[in-house]
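Number of protein chains: 2
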Amino acid sequence: MGQTMNLRRELAPVDPAAVEALVRATGVFSAAEVAVARELVEERMARGVASGYEFLFVEDEQGLLGYACWGPIPCTEKSFDLYWIAVRPEQQGGGVGRRILRAAEEEIARAGGARIYVETSTRAAYDPTRAFYERCGYARAATFDDFYAEGDGKAVYLKVVG
Amino acid sequence: MGQTMNLRRELAPVDPAAVEALVRATGVFSAAEVAVARELVEERMARGVASGYEFLFVEDEQGLLGYACWGPIPCTEKSFDLYWIAVRPEQQGGGVGRRILRAAEEEIARAGGARIYVETSTRAAYDPTRAFYERCGYARAATFDDFYAEGDGKAVYLKVVG
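Going down the list, the sequences are from chains A and B. Numbering of the first sequence is given in our numbering, commencing with residue 1 and proceeding in unit increments. Numbering of the second sequence is given in our numbering, commencing with residue 1 and proceeding in unit increments.
Careful, some of the hints might be misleading.
[As the list claims (entries may be wrong)] If you want a taste of the chain B side facing chain A, the calculated C-beta under 10 Å gives, among others:
1) 76
2) 102
3) 106
4) 136
[Unchecked claim] Listed below are the simulated EDC-like cross-link pairs for lysine to aspartate or glutamate, each with C-alpha atoms no more than 20 Å apart in a straight line:
5) A/159 <-> A/127
6) B/159 <-> A/146
7) B/154 <-> A/77
8) A/159 <-> A/59
9) A/154 <-> B/119
10) A/154 <-> A/107
11) B/159 <-> A/77
12) B/159 <-> B/134
13) B/154 <-> B/127
14) B/159 <-> B/106
15) A/159 <-> B/127
16) A/154 <-> B/106
17) B/159 <-> B/43
18) B/154 <-> A/119
19) A/159 <-> A/90
20) A/159 <-> B/152
21) B/154 <-> B/134
22) A/159 <-> B/145
23) A/154 <-> B/77
24) B/159 <-> A/107
25) A/159 <-> B/106
26) B/159 <-> A/152
27) B/154 <-> A/145
[Stated by the list, open to error] Quick list of simulated restraints, FRET-style, between CB atoms:
28) B/8 <-> A/160: 40 to 50 Å
29) A/21 <-> B/134: 39 to 49 Å
30) B/109 <-> A/13: 36 to 46 Å
Hints were generated in silico from the structure; no laboratory data involved. Ideal Cβ positions, reconstructed from N, Cα and C, are used throughout, including at glycine.
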């Protein structure tokens with residue numbers, strides 16, 4: 001890849017705006033989803049670890065390249081949700097997403113996690129997203145038809161780690 | 001049933017403590033789950049409708065008989081989660097739960113909801129709970145093995161309403 005990338009776990013003041021811009025730039029998330037992505041960053045900054053949200057940022061000289069957000073699922077022993085993973089559009093397909101996901105999985109395993117769940121849409125626009133998870137070792141665990149809207153179902157993927 | 005029951009949607013100052021006591025008395029929820037049940041009540045009192053939590057309480061002269069808590073699932077058009085439904089142990093089997101659930105379903109349909117999801121455990125202790133949902137028209141939509149803990153899976157039920 002030849003690029004200098006920096007992985008960062010701690011949050012910086014620029015992150016709410018940078019995450020919002022990055023998630024919007026991917027073009028696959030609704031305005032409501034973009035707002036949620038930003039809110040989780042703000043929630044983490046306001047409440048720290050108690051927020052239940054963990055982050056990993058990858059950046060180069062240009063700024064944020066991609067990030068992931070995950071957390072333990074309350075009232076479970078070892079299950080985690082991967083809430084967000086996004087990569088700057090012009091960097092997609094170059095292995096950044098896979099690198100972020102692998103780093104997140106290592107953090108989850110280190111925190112005692114054994115099962116990682118990811119939810120995504122069954123719509124055609126998300127074919128690359130679902131293919132990405134499958135390449136990374138995630139298997140479809142459930143499908144909920146019409147979950148997001150009529151004709152827009154939810155697919156749940158699972159990877160057992162640690 | 002011959003009992004005088006009052007259905008109430010607005011929250012009262014006694015509710016956090018009453019809900020905690022009722023949920024604990026059922027004997028099927030962990031200490032962490034009991035804490036979550038109370039927190040949702042407090043969240044609603046602090047943030048109102050913006051909390052995303054709606055409640056229905058049923059009470060008699062003795063106090064709280066049962067309650068339900070639900071809310072719209074963010075970033076979906078018509079999907080709702082039923083987060084909690086609980087009935088005082090000595091009142092179970094008398095139709096109180098079914099009455100609360102039906103009233104909650106009516107409120108959800110009135111709010112534009114079309115799909116109601118409920119999550120529960122696959123453990124034997126929850127056989128009566130799952131049988132209750134099935135009697136009330138809910139169908140198993142997914143099963144996640146070992147979700148809560150080793151040997152303790154999550155069952156997701158769905159009812160289409162409205």
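To see whether the hints hold, each was checked on the structure:
Interface restraint check for residue 76 of chain B: the shortest CB-CB distance to chain A comes to about 5 Å, inside 10 Å, so the restraint holds. Restraint check, residue 102 of chain B versus chain A: the minimum CB separation of about 23 Å is more than 10 Å; hint violated. This hint is violated: residue 106 of chain B has a C-beta 21 Å from the nearest C-beta of chain A, more than the 10 Å allowed. Taking 10 Å as the C-beta contact cut-off toward chain A, the hint placing residue 136 of chain B at the interface is violated, the least distance being around 19 Å.
Distance restraint check for residue 159 of chain A and residue 127 of chain A: the Cα-Cα separation of roughly 18 Å lies within the 20 Å cut-off, and the hinted pair is therefore satisfied. Taking the CA atoms of residue 159 of chain B and residue 146 of chain A, the gap is about 12 Å. The hint holds against a cut of 20 Å. Note on residue 154 of chain B and residue 77 of chain A: the hinted pairing holds, with a Cα-Cα distance of about 13 Å set against a maximum of 20 Å. Taken as a hint, the residue 159 of chain A and residue 59 of chain A pair is broken in the structure, with Cα atoms around 26 Å apart against an allowance of 20 Å.
Straight-line distance between C-alpha atoms of residue 154 of chain A and residue 119 of chain B comes to about 16 Å, which keeps the hinted pair within the 20 Å bound. Annotation: proposed proximity of residue 154 of chain A to residue 107 of chain A is violated, straight-line Cα distance about 26 Å (limit 20 Å). Note on residue 159 of chain B and residue 77 of chain A: the hinted pairing is violated, with a Cα-Cα distance of about 28 Å set against a maximum of 20 Å. Between the alpha carbons of residue 159 of chain B and residue 134 of chain B the distance comes to roughly 10 Å, so the proposed pair stays at or under 20 Å and holds.
Taking the CA atoms of residue 154 of chain B and residue 127 of chain B, the gap is about 12 Å. The hint holds against a cut of 20 Å. Distance restraint check for residue 159 of chain B and residue 106 of chain B: the Cα-Cα separation of roughly 12 Å lies within the 20 Å cut-off, and the hinted pair is therefore satisfied. Of the supplied pair hints, the one linking residue 159 of chain A and residue 127 of chain B is violated, its CA atoms being roughly 28 Å apart against a limit of 20 Å. Pair hint residue 154 of chain A plus residue 106 of chain B does not hold up; C-alpha atoms about 25 Å apart against a cutoff of 20 Å.
Of the pairs offered as hints, the one joining residue 159 of chain B and residue 43 of chain B is violated, with about 26 Å between alpha carbons and a cut-off of 20 Å exceeded. For the suggested pair residue 154 of chain B and residue 119 of chain A, the alpha carbons sit about 16 Å apart, so the restraint of at most 20 Å is met. Under the criterion of a C-alpha separation no larger than 20 Å, the hint pairing residue 159 of chain A with residue 90 of chain A is inconsistent with the structure, at around 27 Å. Distance hint between residue 159 of chain A and residue 152 of chain B is fulfilled; the C-alpha atoms sit about 17 Å from each other, no more than 20 Å.
Using a Cα cut-off of 20 Å, the hinted pair residue 154 of chain B and residue 134 of chain B holds, with the two alpha carbons roughly 15 Å apart. Distance restraint check for residue 159 of chain A and residue 145 of chain B: the Cα-Cα separation of roughly 12 Å lies within the 20 Å cut-off, and the hinted pair is therefore satisfied. Between residue 154 of chain A and residue 77 of chain B, the direct Cα distance comes to roughly 13 Å. Compliance with the 20 Å bound is thereby established for this hinted pair. Pair hint residue 159 of chain B plus residue 107 of chain A does not hold up; C-alpha atoms about 37 Å apart against a cutoff of 20 Å.
Restraint check: the Cα-Cα separation between residue 159 of chain A and residue 106 of chain B comes to about 38 Å, which exceeds 20 Å; the hinted pair is violated. Using a Cα cut-off of 20 Å, the hinted pair residue 159 of chain B and residue 152 of chain A holds, with the two alpha carbons roughly 17 Å apart. Simply put, residue 154 of chain B and residue 145 of chain A have alpha-carbon atoms about 18 Å apart, close enough for the 20 Å limit, and the pair holds. The hinted range of 40 to 50 Å is satisfied by residue 8 of chain B and residue 160 of chain A, whose Cβ atoms lie roughly 44 Å apart.
The given range of 39 to 49 Å is respected by residue 21 of chain A and residue 134 of chain B, whose C-beta atoms sit roughly 47 Å from each other. Between residue 109 of chain B and residue 13 of chain A the beta carbons are some 44 Å apart, a value that agrees with the proposed interval 36 to 46 Å.
Taken one by one, the earlier hints fail for this structure at numbers 2, 3, 4, 8, 10, 11, 15, 16, 17, 19, 24 and 25, listed in ascending order.
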